[in-house]
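Put together the whole structure using the sequences plus the hints.
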Amino acid sequence: RFGRTMEWDTAAGDAVLRAAGGMTRTLDGKPLAYGKRDQATDADFANPHFIASGKSAGAA
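Sequential numbering of the sequence shown, starting at 1, is according to our numbering.
Don't read these hints as lab results, they were simulated from the structure. In this text, all values refer to a predicted model and were calculated from it rather than measured experimentally. Don't take each hint at face value.
Simulated restraints on C-beta separations [what the hints assert, rightly or not]:
hint : residue 1 : residue 2 : range
1    : Ala57     : Lys36     : 30 to 40 Å
2    : Gly13     : Ser56     : 12 to 22 Å
3    : Met6      : Gly58     : 28 to 38 Å
4    : Gly58     : Gly13     : 37 to 47 Å
5    : Glu7      : Gly29     : 28 to 38 Å
6    : Phe45     : Phe2      : 16 to 26 Å
For every residue, glycine included, the Cβ atom is placed at its ideal position computed from N, Cα and C.
Laid out in structure tokens, this is it:
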């Protein structure tokens, strides 16, 4: 998705991805955070750009 997202748009998918061994990270490599209030550069609960990735099929 290339449009703006809020925390409630990504929370469930992020939880499923993490349970399956994947991770959702910001472009600077930090885990996507939740409960973001009083952000200096964006609206409350807005997500930054992020990348979601799963573990490879051969990984145990």
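Exercise for the section: Could you see if the CB distance from glutamate 7 to glycine 29 stays within 28 to 38 Å? Expected result: violated (19 Å)
Practice task
For glycine 58 and glycine 13, compare the CB-CB distance with the range 37 to 47 Å and indicate the outcome.
Solution key: Given about 23 Å between the Cβ atoms, the range is violated.
Practice task
Given the range 30 to 40 Å, decide if the beta-carbon distance of alanine 57 to lysine 36 lies inside it.
Solution key: holds (33 Å)
Exercise for the section: For methionine 6 and glycine 58, compare the CB-CB distance with the range 28 to 38 Å and indicate the outcome. Expected result: Given about 35 Å between the Cβ atoms, the range holds.
Exercise for the section: Determine whether the Cβ-Cβ distance between phenylalanine 45 and phenylalanine 2 falls within the hinted range of 16 to 26 Å. Expected result: At 19 Å between Cβs, range holds.
Handout entry: Whether the CB-CB distance between glycine 13 and serine 56 falls inside 12 to 22 Å
Key = This hint holds: roughly 19 Å between Cβ atoms.
Consistency with the previously given hints fails for numbers 4, 5, ordered from lowest to highest.
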